[in-house]
Amino acid sequence: MASQEMEQLVRREYTQGFVTDIESDTVPPGLDEDTIAFISNKKGEPEWMLEWRLDAYHQWLKMKEPSWAHLDYPPIDYQAISYYSAPKKPEDRPQSLDEVDPKLLETYEKLGIPLHERAALAGVAVDAVFDSVSVTTTFKEKLAEAGVIFCSISEAIRDYPELVRQYLGSVVPKGDNYFAALNSAVFTDGSFVYVPEGVECPMELSTYFRINAANTGQFERTLIVCDKQAQVSYLEGCTAPQRDENQLHAAVVELVALEDAYIKYSTVQNWYPGDEDGKGGIYNFVTKRGDCRGDRSKISWTQVETGSAITWKYPSCVLRGKDSVGEFYSVAVTNGRQQADTGTKMIHVGEGTRSTIVSKGIAAGNSDQAYRGLVKVGPRAKGARNFTQCDSLLIGDRCGAHTFPYQEIGNSSATVEHEATTSKIGEDQLFYCQARGISEEDAVNMIVNGFCKDVFQELPMEFAVEAEALLNVTLEGAVG
Amino acid sequence: MSAAHAFLQRLGERFSDEPTWVTARRQAGAARFEALGFPTKRDEAWKYTDVRRIAEGEFALTDDAELSASRFEALSMPLDAYRLVFVDGVFSTALSDVEALPEGISIEPLTTAMRTNHEAIGGAIGRLAGVDFSPFTALNVALSEEGAVVRIGQGVVVDKPIYVVFASRANEAPRMSHPRVLVMAGARSQATVIEHYAGETGAANFTNVVSEVMLERGAIVDHYKLQEASSEDLHVASIHVEQACDSRFTSFNLNLGGALVRTDLVTDLNAQGAEANYNGLFFVQGRQHVDNHTLVNHNAPQTFSNENYKGILNDRARGVFNGKVIVKRDSQQIEAYQNNANLLLSDRAEIDTKPELEIYADDVKCSHGTTTGQLDEEAVFALRTRGIDEQMARGLLTLAFAGEVMDQVRLPAIAERVERAVAGKLPERFNLADLVEVSDALQEA
Chain A
0 MASQEMEQLV
10 RREYTQGFVT
20 DIESDTVPPG
30 LDEDTIAFIS
40 NKKGEPEWML
50 EWRLDAYHQW
60 LKMKEPSWAH
70 LDYPPIDYQA
80 ISYYSAPKKP
90 EDRPQSLDEV
100 DPKLLETYEK
110 LGIPLHERAA
120 LAGVAVDAVF
130 DSVSVTTTFK
140 EKLAEAGVIF
150 CSISEAIRDY
160 PELVRQYLGS
170 VVPKGDNYFA
180 ALNSAVFTDG
190 SFVYVPEGVE
200 CPMELSTYFR
210 INAANTGQFE
220 RTLIVCDKQA
230 QVSYLEGCTA
240 PQRDENQLHA
250 AVVELVALED
260 AYIKYSTVQN
270 WYPGDEDGKG
280 GIYNFVTKRG
290 DCRGDRSKIS
300 WTQVETGSAI
310 TWKYPSCVLR
320 GKDSVGEFYS
330 VAVTNGRQQA
340 DTGTKMIHVG
350 EGTRSTIVSK
360 GIAAGNSDQA
370 YRGLVKVGPR
380 AKGARNFTQC
390 DSLLIGDRCG
400 AHTFPYQEIG
410 NSSATVEHEA
420 TTSKIGEDQL
430 FYCQARGISE
440 EDAVNMIVNG
450 FCKDVFQELP
460 MEFAVEAEAL
470 LNVTLEGAVG
Chain B
0 MSAAHAFLQR
10 LGERFSDEPT
20 WVTARRQAGA
30 ARFEALGFPT
40 KRDEAWKYTD
50 VRRIAEGEFA
60 LTDDAELSAS
70 RFEALSMPLD
80 AYRLVFVDGV
90 FSTALSDVEA
100 LPEGISIEPL
110 TTAMRTNHEA
120 IGGAIGRLAG
130 VDFSPFTALN
140 VALSEEGAVV
150 RIGQGVVVDK
160 PIYVVFASRA
170 NEAPRMSHPR
180 VLVMAGARSQ
190 ATVIEHYAGE
200 TGAANFTNVV
210 SEVMLERGAI
220 VDHYKLQEAS
230 SEDLHVASIH
240 VEQACDSRFT
250 SFNLNLGGAL
260 VRTDLVTDLN
270 AQGAEANYNG
280 LFFVQGRQHV
290 DNHTLVNHNA
300 PQTFSNENYK
310 GILNDRARGV
320 FNGKVIVKRD
330 SQQIEAYQNN
340 ANLLLSDRAE
350 IDTKPELEIY
360 ADDVKCSHGT
370 TTGQLDEEAV
380 FALRTRGIDE
390 QMARGLLTLA
400 FAGEVMDQVR
410 LPAIAERVER
420 AVAGKLPERF
430 NLADLVEVSD
440 ALQEA
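The listed protein sequences correspond, in order, to chains A and B.
Residue 347 in numbering that gives the first Met the number 0 sits at position 348 of the first sequence; the count goes up by one each step and never skips.
Residue 404 in numbering that gives the first Met the number 0 sits at position 405 of the second sequence; the count goes up by one each step and never skips.
A portion of the hints provided could be inaccurate.
Said to hold, decoys possible - Taking lysine-lysine and the DSS-like style, the derived pairs with C-alpha atoms no more than 30 Å apart in a straight line are: (1) A/Lys344 x B/Lys327; (2) B/Lys424 x A/Lys381; (3) B/Lys364 x A/Lys344.
What the hints assert, rightly or not - Estimated spans, in silico, between C-beta atoms of each pair: (4) A/Pro201 x B/Val379: 48 to 56 Å; (5) B/Ala378 x A/Gly425: 56 to 64 Å; (6) B/Thr384 x A/Pro65: 53 to 61 Å; (7) B/Leu10 x A/Lys61: 37 to 45 Å; (8) B/Arg51 x A/Pro65: 20 to 28 Å; (9) B/Ala399 x A/Ser66: 38 to 46 Å; (10) B/Arg383 x A/Pro65: 48 to 56 Å.
Keep in mind the hints are simulated off the structure, nothing from the lab.
Every residue, glycine too, gets a C-beta built ideally from N, C-alpha and C.
Bound-form chain A, shown alone:
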């Protein structure tokens, strides 16, 4: 194998890195009570929300940035970040796509997401978040017909304060961890979904998060509540323009599933991973947690993580309801100098709760990745069941793959299994493909896609296609 050739292939450019020039309404960098009051005021929030934010801020001040993850990055200067950025004319929001800033539409074009077409063809309602303010929301009427609320969190705080107040912070408390506390203090946007009792959401809900103005961190807050017997599938996808400076992203996602409810949350994450020296990529510190509050409820997390310089992310399920079910399917791909510490927590509280964890990690180049997970079975979780499979594939001899699964089991009727393997792509598998006229590149893609199959088949159709393509691009030429 000509390794030079391979190296050239590995050094692919980030195809989705470009900057759209839209003037931002940005506060100067720095974080104090005034910044928080500014954000709250800008969003026209009620008094209780400001108090909530300030309480989170005070808790955050007392906390220390966690250092236990298998990650190495320069210290973050939280005073050098600007905590608010919104496209111009926030009051004068566009009512339809025709009113949207053409430059923004152009951005979507470049990303290959012709919003109107895509939305129409795929039957997806898109709540596009451009920086911090929702610019456009489609299919609102159709959802309203079904009684589904799907709007930005800011709108929700204004229009549905009772619902937000009831559920916000009930899954991820303000002081849950350092990054969650920061988010609680300064979050600027995100989505809110409420599916009423007995309603099956008529379409898959989707938000494209974008990061744009230089130096602004993104602090999204997403809250999804599924009432009794309700169902929803939510898609989250991310791309970002190329940057020189690191951008901090500390999102919080909360899911609440009441009796017999089902929430499926899928993510494709493709933020800028930094250049070949690891400079300039996104720092992604995310707290995602679902609460299976009702009996027989189910929450399923599926994620494909290919971007970001640093990923710190553990989508979790608290299985409180009797016979509730938690699932976590993950593919994480790291290349270049990317670092990912990701995994899940399954907390079995209720009787007969079940969870499945399938995690596939692929490390190439000089990257490092870790699976970190917790399966906890409490004394009341009679007959709880967990199965965990986490496999790592190493491509090249400069990368690392690590597994840190914690299991805390306090119930004799529980059955908990964990399996993990680490290996490289089999020479024999490659040879088999090549002997049949398949190029090495294609053979690797085939094998890697096969390796990830268990996770990809959990993704909604259009996401699965996107994910496979993304994987192939990320790993282009990473084999030698």
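Since the structure of chain A is already known, use the hints to place chain B on it.
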């Protein structure tokens, strides 16, 4: 005054006229221990193990080694072996038997070895386990007095096991000891070393032992650690192993006794062809707490490790297993396997397990698996259809669960002793002979 400081008070008065380098080492250990303090649950390595019972205890150092031959017999195994016996950490000449050693073998208490050749022994001690490993190794460095030193010459195959007994007495006031074990196995030598921790009923002492085992090229060492202390005893141990090329180290870590038992087992595979096998079994009940932390460092290409730990927990016992495999950059063509299986017999028992892999090379075959659960109900049913009552069926299956580890044991005396103890510890208190009889009858049928 901090708990750590209280432990070090004995330092000045007890140790004088030692070689200056020994004094300096003690002081370094003391300083490190005082700086670290006792670990708390906030330390990742001690997340599940609370050592307050040690930190808040008052333990005296011991001067005598009185233990009658009959009492000793009741505690120990009747092995045909070279034997070193320590009573609450103090060497007992009367109970030991290291006369008539073949050529090329030296087995002596640490104090004797230091007296005759303190430079050679002192240099080796602490080479693998310095003061930074844990607060307890630092404490050991500060307060260690006695221990076992085993040296095996090149090519020597030791004809009998080397049996080191640490007996813990039921004293009026709790005692503590900080023994060292040093095993130096020369090139192509072969030996079996047994560390046996046994105690009288009611003994409530604190043992803090550090073992170092060095295997030169092609050496083969079987190492047994059998923990059978009383249900009040507190025990912290770390075993550090260094392996040269083509050497093979096999560990048997068998935990039955003790109130709080923590064992760290660390192996460095430093050259091609080195192989480490870890076998572990723990059976705990009542309020026993057992914590096993194992680590294999694959520092060189073409090294091999295999680990199998099994745990049975009853009543309110708590078990901790943390197994870690690290494959260093460029350590290619590695095989590393790790398995941990646990059986919970009670709803109030708890197991916390974490099998970790940290891998920086790509041409590796590494896997780990862990399961926690109950006996297979179908297997219980299958036995019942053959006329075995349910209690007996459960007993047999539990014994079979432990059997996977016990089958590897190459010393029948130890295998039988542990199996008998396991049978006796089962909820129904079986007699091993009865179980074996049923099992034989089944096989004949």
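Results of checking the hints against the structure:
1. Restraint check for A/Lys344 and B/Lys327: satisfied, since their Cα atoms lie roughly 28 Å apart, inside the 30 Å limit.
2. About 25 Å separates the Cα atoms of B/Lys424 and A/Lys381, which keeps this hinted pair within 30 Å; it holds.
3. A hinted pair counts as satisfied when its Cα atoms are at most 30 Å apart, and B/Lys364 with A/Lys344 qualifies at roughly 27 Å.
4. Distance hint check: the CB atoms of A/Pro201 and B/Val379 are about 50 Å apart, consistent with the given range 48 to 56 Å.
5. For the hinted restraint 56 to 64 Å between B/Ala378 and A/Gly425, the CB-CB distance of approximately 35 Å leaves it violated.
6. The hinted range of 53 to 61 Å is satisfied by B/Thr384 and A/Pro65, whose Cβ atoms lie roughly 54 Å apart.
7. At about 39 Å, the beta-carbon gap between B/Leu10 and A/Lys61 stays in the expected band of 37 to 45 Å.
8. At about 25 Å, the beta-carbon gap between B/Arg51 and A/Pro65 stays in the expected band of 20 to 28 Å.
9. Evaluation of the 38 to 46 Å hint for B/Ala399 and A/Ser66 yields a pass: the beta carbon distance comes to about 45 Å.
10. A C-beta distance of roughly 52 Å is found between B/Arg383 and A/Pro65, which places it inside the suggested range of 48 to 56 Å.
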